Amino acid sequence: MSLRIGIEPQSRWLTLAAGESLRDALFRAGIEFPCGGKSLCGGCQVQLLAGEIEPDTAEKEYFSAEDIASGWRLACRLKPQNGMRLRIEQWQHRAAAPILSDTQSIEPGCEETYRIAIDLGTTTVVAQLLNMATGEVLSVVSRLNPQAAYGADLMSRIDYARNDEGFAQLVNTVRDCAGAMISELIHSSGIDSALVDRAILVGNTAMHHLFSGIDVAPLASVPFSTIHGGLRRLESAELGWKGVDELAVWVLPCLGGFVGGDVLAGLLATQLHRERETSLLVDLGTNGEIVLGNRQQLICASTAAGPAFEGGGILMGMQAAAGAIDAVELKDGELCCHVIGQQSARGICGSGLVDAVACGLELGWIDPSGRITREDKRIPLTSDVYLSQQDIRQLQLAKAAIAAGIELLCAQMAVSKEAVINVFLAGAFGNYVDVSSAMRIGLLEFTQHQIKPVGNTALQGARLALGLASDVYDEQLREEAADDTDKVQLPELTAITEKVVHFSLGESQAFQSLFIEKTKFPESSATPEYQPEV
Amino acid sequence: MSNLDQLIEELKRDEALGEVELRLAGGESVTAILDDCRAGMARVGELFQEGEYFLADLILSAEIFKSAAALLEPHINPEQQQKALGKVLLATMRGDIHDLGKNILATLFRVHSFEVHDLGVNVEPEDLVQEVKDFQPDFVGISALITTSFESAKEATDQLEKEGLRDGIKILVGGAVTTPEVKTYLGADFQTHDATAGVAYCVNAMGGC
Ligand code: B12
Chain H
-14 MSLRIGIEPQ SRWLTLAAGE SLRDALFRAG IEFPCGGKSL CGGCQVQLLA
36 GEIEPDTAEK EYFSAEDIAS GWRLACRLKP QNGMRLRIEQ WQHRAAAPIL
86 SDTQSIEPGC EETYRIAIDL GTTTVVAQLL NMATGEVLSV VSRLNPQAAY
136 GADLMSRIDY ARNDEGFAQL VNTVRDCAGA MISELIHSSG IDSALVDRAI
186 LVGNTAMHHL FSGIDVAPLA SVPFSTIHGG LRRLESAELG WKGVDELAVW
236 VLPCLGGFVG GDVLAGLLAT QLHRERETSL LVDLGTNGEI VLGNRQQLIC
286 ASTAAGPAFE GGGILMGMQA AAGAIDAVEL KDGELCCHVI GQQSARGICG
336 SGLVDAVACG LELGWIDPSG RITREDKRIP LTSDVYLSQQ DIRQLQLAKA
386 AIAAGIELLC AQMAVSKEAV INVFLAGAFG NYVDVSSAMR IGLLEFTQHQ
436 IKPVGNTALQ GARLALGLAS DVYDEQLREE AADDTDKVQL PELTAITEKV
486 VHFSLGESQA FQSLFIEKTK FPESSATPEY QPEV
Chain C
6 MSNLDQLIEE LKRDEALGEV ELRLAGGESV TAILDDCRAG MARVGELFQE
56 GEYFLADLIL SAEIFKSAAA LLEPHINPEQ QQKALGKVLL ATMRGDIHDL
106 GKNILATLFR VHSFEVHDLG VNVEPEDLVQ EVKDFQPDFV GISALITTSF
156 ESAKEATDQL EKEGLRDGIK ILVGGAVTTP EVKTYLGADF QTHDATAGVA
206 YCVNAMGGC
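Protein sequences appear in the order of chains H and C. What the first sequence shows, in our numbering, is residues -14 to 519, in sequence order. What the second sequence shows, in our numbering, is residues 6 to 214, in sequence order.
Chain H on its own, in the form it takes in the complex:
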């Protein structure tokens, strides 16, 4: 009799020939045993997702009790069992490196299908069409989120959606937008729309709710309860999409509070939940989302920074558009501003603001309390653009909200900031802000080698999620969860959603004094990595 074993993250079944050892079968499937299967190196770690197998002495020696309890085993020691499911550690690391850039392909699959990844942001919507057989991104479209007409920031949209009419309007606008983008992708690439079988959509909590047609009233006030309920599956017909028949849209679930499916996608992209060592994922934006964790534990929080990082609430602040100062540096004690586009400066955007304040601190024009020490009470940047005292105060509030949030999560998990191996920066601002300036103002209290800007992890994660399940595999899983048919579960996702704990910063007694403390700037640029260019 042959045995069948499920392997992740490929989500496929591996059939063992009668009498075949697990090691041979896994080897055949491409798993390496660096020491030749002698249990010397620990290179063949797997995690048991389903099935009961007692660890043997070698495994007990190699893994901690916690690891054992959460299913970690050595593939070379395992006895096969029918129906057991394994997650292969090796493949994670290999996958981790290339996924960090943006139109990166995913692992090629064997099916001749096309799928679509959609990142539904508050401001921008991006969609990509992938050829699943090759794993390549075929084409990309992006648009501004048309909901912006009903309010620029999330809270105002949530407010708008509190009556039925407003709600319907926001739901329809965003669904129509996604539908139109999908049609555009399909038509421009000239493939048969019947071959496109699935789209995965990721978005923050509010976007998740609005796209799925879930009431957003609970998001308007405490306790901000969000609907979890796993992956949602909506059919193109019920979304009112014309021209795209029989397309299933899966919406990635939220993690809790204001931590949405975009952050879940970020975890898929950065593999935080897979590492033994602890890492941090930070999405710097109006609403900052933070996840800290490792393969044992995951803890997330959202912290409201406000619009300063996007140039909002700043006297001469503006979006990162033509005419904005987007970078400032010190050359021979003088400030040099870089302006987007070939024109003179009209204002300053978030990255420019952080740079300018970092330089101001270096020059002693701003003291650690945030006070401007110059007579004119300004930080002059160009003949037309300067920063006011209030601008610095706004930045102090924004950076304090992030820094205090990070600090509290570290305290909650009892890890020191030094022990965090990676600080992944997601989101637009996180990827164009100058890391050393962010360090100088105390926004990121880490060292240069810890901090890694990783691009649009929401989109990367959506793409990876497309490859998570083959149809055969998910039919099987759906049968297993027959009682709850419209909630499709993907083991790879539930591994995260079941583990992650949402921590509400608002309820923390410690937040207040920590926040006030973090409004200050670090005394000096003592951090060895910081080297202002001279």
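In case anyone wonders, no lab produced these hints; they're calculated from the structure. Accuracy of the hints is not assured; some may be wrong.
Unchecked claim - In silico DMTMM-like links for lysine to aspartate or glutamate, alpha-carbon gap of 25 angstroms or less:
#1 H/LYS505 / C/GLU168
#2 H/LYS505 / H/GLU314
#3 H/LYS505 / C/GLU20
#4 C/LYS188 / H/ASP144
#5 H/LYS64 / H/GLU37
#6 C/LYS159 / H/ASP149
#7 H/LYS362 / C/GLU14
#8 C/LYS159 / H/GLU150
#9 H/LYS45 / C/GLU168
#10 H/LYS362 / C/GLU168
#11 C/LYS138 / C/GLU168
#12 C/LYS17 / H/ASP352
#13 H/LYS505 / C/ASP19
#14 H/LYS362 / H/GLU502
#15 C/LYS17 / C/GLU51
#16 C/LYS159 / H/GLU260
#17 H/LYS437 / H/GLU260
#18 H/LYS402 / C/GLU168
#19 H/LYS362 / C/ASP19
As the list claims (entries may be wrong) - Short, incomplete list of chain H residues facing chain C, as computed with Cβ under 10 angstroms:
#20 MET140
#21 ASP144
#22 VAL156
#23 ARG356
#24 ILE357
#25 SER489
#26 PHE496
#27 GLN497
#28 THR504
To be verified - Computed beta-carbon distance windows for the label pairs:
#29 H/SER49 / C/ALA89: 55 to 65 angstroms
#30 C/GLU131 / H/GLU483: 34 to 44 angstroms
#31 H/THR358 / C/GLU51: 39 to 49 angstroms
#32 C/GLY173 / H/HIS323: 54 to 64 angstroms
None of these values were measured; they are calculated from a predicted model. For glycine and all other residues, C-beta sits at the position ideal for the given N, C-alpha and C.
Chain H is already provided as a structure; the job is to place chain C with the ligand on it using the hints.
For chain C with the ligand alone, coordinates are given in the frame of chain H:
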């Protein structure tokens, strides 16, 4: 000639407290010392309004003041005990849990000899109304940091109006997201983004000092 007010203005904690002790030992009246402390605090408030000082400075000044008051406390004889300047009821309304600004405000009111009752955060409108009846404040301060809490604030002010409680009190609203329109919407008497301005308004309304 003492420079206690200046020491407080400059946030020189140890020196300020040393000065208080020295003047107490010199037999000076508690009221005179306290007046100087208040003068220093008033300057801190002005500097905060001007943007020279920020949150940490404000909190540090309040701590200095509290320590000074604690040193003076045993020397105050009961007859001299100052009457509260007025009564203030504070709340962050249902839907909102931001309380940093409100807590700072409470501290500043206390520094200025107001009796403060702070209902905390996520306060139901009817609880605020009930407390207005029980505590009988001169001022009601509503702190709002998210726009969605304006509704519950409105419920409360409407109810106060309906029950004929509105005329006896002055209503202040504050917090980063409030605007003059919010003041009109709620029918409030004063709106600000600055705690010290709110306190100054109340001090004035009570006849100043
Ligand atoms: C710190 C902070 C938090 C902390 C709050 C901690 C706490 N215990 O208070 C945490 C992280 C928990 C938090 C959570 C949220 N926050 Co928040 N938060 C902020 C932030 C960064 C600073 C607010 C602050 O404390 N400022 C410092 C204090 C001292 O200033 P202040 O409150 O204005 O008070 C001063 C004056 O206004 C005055 N004052 C205040 N009240 C009163 C009242 C009276 C009567 C008077 C006279 C004066 C007065 O006195 C103070 C000193 O002068 C702002 C962004 C910003 N840059 O302002 C967002 C902000 C307020 N938050 C916001 C949001 C949306 C949220 C969340 C819903 C989202 C999330 N990420 O989870 C949650 C939910 C909380 C809830 N239910 O209310 C939004 C509100 C937007 C809107 N349109 O409503 C803001 C504006 C950020 C943004 N643009 O996105 N937040």
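Hint check results:
no., hint, in the structure
1, H/LYS505 / C/GLU168, "46 angstroms, violated"
2, H/LYS505 / H/GLU314, "21 angstroms, holds"
3, H/LYS505 / C/GLU20, "23 angstroms, holds"
4, C/LYS188 / H/ASP144, "19 angstroms, holds"
5, H/LYS64 / H/GLU37, "11 angstroms, holds"
6, C/LYS159 / H/ASP149, "21 angstroms, holds"
7, H/LYS362 / C/GLU14, "19 angstroms, holds"
8, C/LYS159 / H/GLU150, "22 angstroms, holds"
9, H/LYS45 / C/GLU168, "71 angstroms, violated"
10, H/LYS362 / C/GLU168, "49 angstroms, violated"
11, C/LYS138 / C/GLU168, "10 angstroms, holds"
12, C/LYS17 / H/ASP352, "17 angstroms, holds"
13, H/LYS505 / C/ASP19, "21 angstroms, holds"
14, H/LYS362 / H/GLU502, "23 angstroms, holds"
15, C/LYS17 / C/GLU51, "17 angstroms, holds"
16, C/LYS159 / H/GLU260, "50 angstroms, violated"
17, H/LYS437 / H/GLU260, "16 angstroms, holds"
18, H/LYS402 / C/GLU168, "54 angstroms, violated"
19, H/LYS362 / C/ASP19, "29 angstroms, violated"
20, MET140, "6 angstroms, holds"
21, ASP144, "6 angstroms, holds"
22, VAL156, "19 angstroms, violated"
23, ARG356, "6 angstroms, holds"
24, ILE357, "8 angstroms, holds"
25, SER489, "9 angstroms, holds"
26, PHE496, "9 angstroms, holds"
27, GLN497, "6 angstroms, holds"
28, THR504, "6 angstroms, holds"
29, H/SER49 / C/ALA89: 55 to 65 angstroms, "60 angstroms, holds"
30, C/GLU131 / H/GLU483: 34 to 44 angstroms, "40 angstroms, holds"
31, H/THR358 / C/GLU51: 39 to 49 angstroms, "18 angstroms, violated"
32, C/GLY173 / H/HIS323: 54 to 64 angstroms, "59 angstroms, holds"
Consistency note: the structure conflicts with the earlier hints numbered 1, 9, 10, 16, 18, 19, 22, 31.
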